[in-house]
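Residues per chain are reported as follows:
Number of protein chains: 2
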Amino acid sequence: MSDKKHLAIWRSGDWAIGRRRFLGLGSLGALASTVAAACRKATPPAKAVQSWLGAPVSRYGARAKYETAAREFRQSRRNEASSSRTPLQSSHGVITPSSLHFERHHGGVPDIDPATHRLLIHGLVDRPVILTMDEIRRLPSVSRIYFLECSGNTGSEWGGPNEPDVQRAFGLTSCSEWTGVPLRSILDDLGLQSAGRWIVAEGADACRMTRSLPIEKAMDDVLLAYGQNGEALRPEQGYPLRLFVPGWEGNINVKWLRVLKVVAEPAMSREETSKYTDLMPDGRARQFSFTMDAKSVITHPSGGHKLASPGVCEITGLAWSGRGAIARVEVSTDNGATWHTATLDTPVLKLAHTRFHYTWWWDGQPAVIRSRCIDETGYVQPTREELVAVRGFFSNYHYNGIQSWKVQPDGTVTNA
Amino acid sequence: MSDKKHLAIWRSGDWAIGRRRFLGLGSLGALASTVAAACRKATPPAKAVQSWLGAPVSRYGARAKYETAAREFRQSRRNEASSSRTPLQSSHGVITPSSLHFERHHGGVPDIDPATHRLLIHGLVDRPVILTMDEIRRLPSVSRIYFLECSGNTGSEWGGPNEPDVQRAFGLTSCSEWTGVPLRSILDDLGLQSAGRWIVAEGADACRMTRSLPIEKAMDDVLLAYGQNGEALRPEQGYPLRLFVPGWEGNINVKWLRVLKVVAEPAMSREETSKYTDLMPDGRARQFSFTMDAKSVITHPSGGHKLASPGVCEITGLAWSGRGAIARVEVSTDNGATWHTATLDTPVLKLAHTRFHYTWWWDGQPAVIRSRCIDETGYVQPTREELVAVRGFFSNYHYNGIQSWKVQPDGTVTNA
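Here the protein sequences line up with chains A and B, keeping their order.
Numbering follows the working numbering, with no gaps: position 280 of the first sequence is 280.
Every number in the working numbering is 1000 more than the matching position in the second sequence, counting from 1.
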């Protein structure tokens, strides 16, 4: 029977690899093995059809009860001043569900009634102003898909492989469609004074999170954001209003935004002096390290996954850069000896997560897989060794070294 | 004091319009009025800061308690066979939150355990197969942002203005990032026979929703979709697996997909004969009307909104086309006498919602506002009269006429 013949062929990894090479289409030969593994008597599966009516329509939907992906956080002394991480190991595409967007709070999530919230803009402007949320929402707005990453993301890996999975190691990055008013248009209108070189942003949370932003960035692409993924900002993301600073480290995207003050010099707040700076090998501090460098990581397969069997394996992951768009992602499945260009889902957007794919034929042998990305400025994601050579070992923030995962013969995957 | 002088200037609509025209930037002069309306003593708002810790980090977030946007549905005899509509009047950007994606069920939402779900692919293929969800998820996948629209959307407006708001009139369209396996790659591998010209898709819901799809589309961009907006499909969208047919009418995107059968002729199922066909003026039926024509609608301000005061008003809305990308959206604020090119949020994606913006200076007089779109094929959204002249008055589906909203002097907005 022809099916049997095909099964025999499909079970030959060599044949499948050869066919893939011949056609230049990873999906075809790769698919065959899975189909082979799955091939059964082709009759409709019994009991798969409901013969009774299902659930009715509803006002605001919820995910399936079988889905359990969740943000991860360690119990800390105060979970109000903590972080939670996005489950990248089960992510699809580039949009992060708002319910799974990473969190980093310094004083917990305040409960703010948008009807009473106000934004004060003052300092070196001709016409200081206080705006209500209704007034802000009347203004011309824009929506863009951008990533947001905590500068502490992946800090665990400075000393080498540490965290067991991609969520714990890389989960402080997420990507959403953000909606808001360009700050530029408001500053233009209020009469920005020439002495105004910085803007100090302050949140309405218990810690009054405060950061200073150079005026050039404020006049470029910064948003007063009130929308996220098509609805209002989530409370954990600054409801009802946050500063959104595309491509820059997370903590400067001040949440629960209540004050913007235009000033001549930066505030030198706690979060830009004692925190969010890095000690360099020469004893100086790396301060105002705003831009998130290019980074990539394989999200599947990654630490904690277990491959069911040799054969086709979709390697997929995310790449992003605070400098612009991702130009190329390369994947190695042989510990860095050779690299293959990955396919990028389109559109590839500036300052947004980019999803990459590479179809791998796993032969069942131990393997080390990794990705590296190059952004449109030509910046190449460094190895850990290259990064440490420049930054030393005293840094907490802005780690973006290449990440490796080891696949064991039994299919288990670990941080390598 | 200089503030007073500016207030006086900002209150002059003429000045602001003049300034806008001069600068060619709607946002600048338009903004001024709002800022003027808001101008108060510029001191930090009292009691706006929490001095106590807020809420801790959490596993899976929820929206703010102040946000109440919800899908709308009328109580029907059976809410299991009903529809619910997306609250477009409060939408931002182009992504629809999965919790607010419109629904249309013919037999309710089945409860399917992905561990036991199977997809049978058989008929005119050399190697029929049954696939598990794990096997499908192993295959090379792709993620794309696409709209999905019920062909019955806006059917209420065939006879003229009917529904009071944009949710009830236009809420059967939504837009998500969908993730899945290209059907093409699977059909290629299974050995599609030359006699196979159609594929019949069947759902696992109580009504066994069944539709026929031409093989050319199946081999183009159709997905076996299991992901939506970064996580698993929602139950109302076909969890764990649906057919996704970009740009084509909603009901052919069969949910809870369990069988694909390659055949020579369409099945002529209930949903493509007695339903989802339109009676034309000559007595013939318009059948297999797959493609969703270009459509646009202003979502703000729209029916049920009330403008707070004359002055700046951001007109924003959505445009989409089943034929490709939106090329241009035009807005009229004078009952169609003159048209202005709207700004489109980027990227403008094929077969996806496109968000448009136009900054309007409302002078407080009655006004009729509307939008029309042109897609990349040159197709122009018709007026209702143009549409009726071709299709007659017996249609239920595929209405895409230009929608008008009337703004009354007191700021209320109604369907015109």
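Read the hints as simulated data drawn from the structure, not as lab findings.
All values derive from a computational prediction rather than experimental measurement.
Worth double-checking, as some hints may not be accurate.
Unchecked claim - Cross-link-like lysine to aspartate or glutamate pairs, in silico, DMTMM-like; alpha carbons within 25 Å at most:
#1 K1275/B to D1126/B
#2 K65/A to D1134/B
#3 K65/A to E1157/B
#4 K1065/B to E135/A
#5 K1065/B to E72/A
#6 K275/A to E67/A
#7 K65/A to E1163/B
#8 K217/A to E163/A
#9 K1406/B to D410/A
#10 K306/A to D1293/B
#11 K1217/B to E1157/B
#12 K306/A to E216/A
#13 K275/A to E216/A
#14 K1065/B to E80/A
#15 K65/A to E1067/B
#16 K406/A to E1135/B
#17 K1306/B to D1188/B
#18 K1065/B to D111/A
Stated by the list, open to error - Sample of chain B residues lacking proximity to chain A, with all beta carbon distances greater than 12 Å (derived):
#19 S1084
#20 F1288
#21 S1309
We put the CB at the ideal spot given by N, CA and C, even for glycine.
These are the hints, each one checked on the structure:
1. K1275/B to D1126/B: Not satisfied, since the Cα-Cα distance of roughly 33 Å exceeds 25 Å.
2. K65/A to D1134/B: holds (18 Å)
3. K65/A to E1157/B: Outside the cut-off at roughly 38 Å; violated.
4. K1065/B to E135/A: holds (21 Å)
5. K1065/B to E72/A: holds (23 Å)
6. K275/A to E67/A: violated (37 Å)
7. K65/A to E1163/B: Violated - the C-alpha atoms of E1163/B and K65/A are around 35 Å apart, more than 25 Å.
8. K217/A to E163/A: violated (34 Å)
9. K1406/B to D410/A: violated (67 Å)
10. K306/A to D1293/B: violated (45 Å)
11. K1217/B to E1157/B: violated (30 Å)
12. K306/A to E216/A: Not satisfied, since the Cα-Cα distance of roughly 47 Å exceeds 25 Å.
13. K275/A to E216/A: holds (23 Å)
14. K1065/B to E80/A: Distance ~19 Å between K1065/B and E80/A Cα, so the pair holds.
15. K65/A to E1067/B: Within the cut-off at roughly 24 Å; holds.
16. K406/A to E1135/B: Within the cut-off at roughly 22 Å; holds.
17. K1306/B to D1188/B: Status violated; Cα separation ~55 Å.
18. K1065/B to D111/A: holds (9 Å)
19. S1084: violated (4 Å)
20. F1288: holds (25 Å)
21. S1309: violated (9 Å)
Hint compliance for this structure: hints 1, 3, 6, 7, 8, 9, 10, 11, 12, 17, 19 and 21 are broken, all remaining hints hold.
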